[in-house]
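Reminder that position 6 of the sequence shown reads as 6 in full-length UniProt numbering, one-by-one numbering, no gaps.
The set of hints was computed from the structure by calculation and includes no laboratory data.
Since the structure is predicted, the reported quantities are computational estimates derived from the model, not experimental observations.
Incorrect hints may have been included.
[Said to hold, decoys possible] Ranges of calculated distance between the beta carbons of each label pair, as one might list FRET restraints: (1) L42 - Y14: 44 to 52 Å; (2) Q371 - A294: 33 to 41 Å; (3) E162 - L311: 44 to 52 Å; (4) P116 - S207: 29 to 37 Å.
The C-beta atom is built at its ideal place from N, Cα and C for all residues, glycine as well.
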Amino acid sequence: MSIAGIAALLILLYWLITLAEYLRGMKLLRELPPSGPLSDPLPLVSVIIAAKEEESTIRDTVRHLLAQDYPRLELIVVNDRSQDATGSTLEELKKWSQTREEIRIPLRIIHITALPAGWLGKNHALYQGYLQARGQWLLFTDADIRFRPETVRDAIHYARLEQADHLTLTPTMTTRTFWLRSFIHHFLFSMTLFTRPWRVNRDDLTSGGMGIGAFNLIRRQTYEAIGTHKAIALRPDDDLQLGASVKRDGHRQRLASSRGLLQLEWYPDMHSAVRGLEKNFFSGFGYHTLLAAAAGAGQLLLFTFPWIGMLLHGDWRSLVHLLSVLITIRLYLKQVRLVSGKPSTDALVIPISAVMLVYVLLRSVGLTLRQGGVYWRGTFYPLSELKKMKGR
Numbered sequence: 001m002s003i004a005g006i007a008a009l010l011i012l013l014y015w016l017i018t019l020a021e022y023l024r025g026m027k028l029l030r031e032l033p034p035s036g037p038l039s040d041p042l043p044l045v046s047v048i049i050a051a052k053e054e055e056s057t058i059r060d061t062v063r064h065l066l067a068q069d070y071p072r073l074e075l076i077v078v079n080d081r082s083q084d085a086t087g088s089t090l091e092e093l094k095k096w097s098q099t100r101e102e103i104r105i106p107l108r109i110i111h112i113t114a115l116p117a118g119w120l121g122k123n124h125a126l127y128q129g130y131l132q133a134r135g136q137w138l139l140f141t142d143a144d145i146r147f148r149p150e151t152v153r154d155a156i157h158y159a160r161l162e163q164a165d166h167l168t169l170t171p172t173m174t175t176r177t178f179w180l181r182s183f184i185h186h187f188l189f190s191m192t193l194f195t196r197p198w199r200v201n202r203d204d205l206t207s208g209g210m211g212i213g214a215f216n217l218i219r220r221q222t223y224e225a226i227g228t229h230k231a232i233a234l235r236p237d238d239d240l241q242l243g244a245s246v247k248r249d250g251h252r253q254r255l256a257s258s259r260g261l262l263q264l265e266w267y268p269d270m271h272s273a274v275r276g277l278e279k280n281f282f283s284g285f286g287y288h289t290l291l292a293a294a295a296g297a298g299q300l301l302l303f304t305f306p307w308i309g310m311l312l313h314g315d316w317r318s319l320v321h322l323l324s325v326l327i328t329i330r331l332y333l334k335q336v337r338l339v340s341g342k343p344s345t346d347a348l349v350i351p352i353s354a355v356m357l358v359y360v361l362l363r364s365v366g367l368t369l370r371q372g373g374v375y376w377r378g379t380f381y382p383l384s385e386l387k388k389m390k391g392r
């Protein structure tokens, strides 16, 4: 048997195993259920946002949060050294909210003007918000998320129902163009195959935990037990690592689909997506070049090679590759429905999306190595310091 034939069979074997695990695992992932009446006593929830140069999005995000129908909520927004109108916009929002009788959610603004050594800006800002928070539950979220009014109410209900110490929700992703949508969907699909998110909901495991930056709801005592953001002070993937720490320390964790209660436009265009991911993509591989190279090769082998082989061979190998492609498309469509709530035709360009993702990965590795570190929100962090934090 030729090497090409062996490769085709091995790829199909991978997809068959993945299909079985995926279909079994996805049964553990649920949509966030509606809450109905909440039982007293209701815990105070502190929503904490880190905002840096977010003048274009922060107003809508804050207004959506001030419209939450959960009765015990406080909102803390940390202006992290912004050089645009973020700070003044937040102060205007605070004054506006104080004049509206229907808004009973207190809004506090923290302005940070300097970043201490040993911290990424966002992590430091979220930690400062925690120091001012009074809630028994902390909700860490981003400055560009749109919340439906019932989001926090439903989340607290579900967390208490599941006796969870940490609840993270997948947002519904919105995009403006076909190619951006296909790229983001493929990126999230690849992450799902790598992280196996259903492992979050298995209480018998202490590995496989994760968090999503759009919605990390955690008990205050659990947050303190895992070391707060101090323990992940230099992690660009702070949201993922927060969840990983919860699971690793044996606390109860849940991941659910927000069923459209959270809306996120991750990037406005393809250029922004490339520039955004190239800053931190390499960090997902612990800044290990060989691991990143293996991931790039895996992308091409699993997502691009079968499509080419399906068209080229003209014998049994083409049929084997066709089976791999059909399994890939089925899993992809299930994942897209989870993050966008509807099917998409971008499954037809999976091999192109994979090449685009490898390109961004190469840019991320090259840029980080060439600079000797990462520029993150206006601050440079040496690679040696980042690797040291990865080892903790």
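Cross-check of the supplied hints:
1. L42 - Y14: 44 to 52 Å: holds (48 Å)
2. Q371 - A294: 33 to 41 Å: For A294 against Q371, whose Cβ atoms are near 23 Å apart, the range 33 to 41 Å is violated.
3. E162 - L311: 44 to 52 Å: holds (47 Å)
4. P116 - S207: 29 to 37 Å: holds (32 Å)
Hint 2 alone, counting from the list given before, is not met by this structure.
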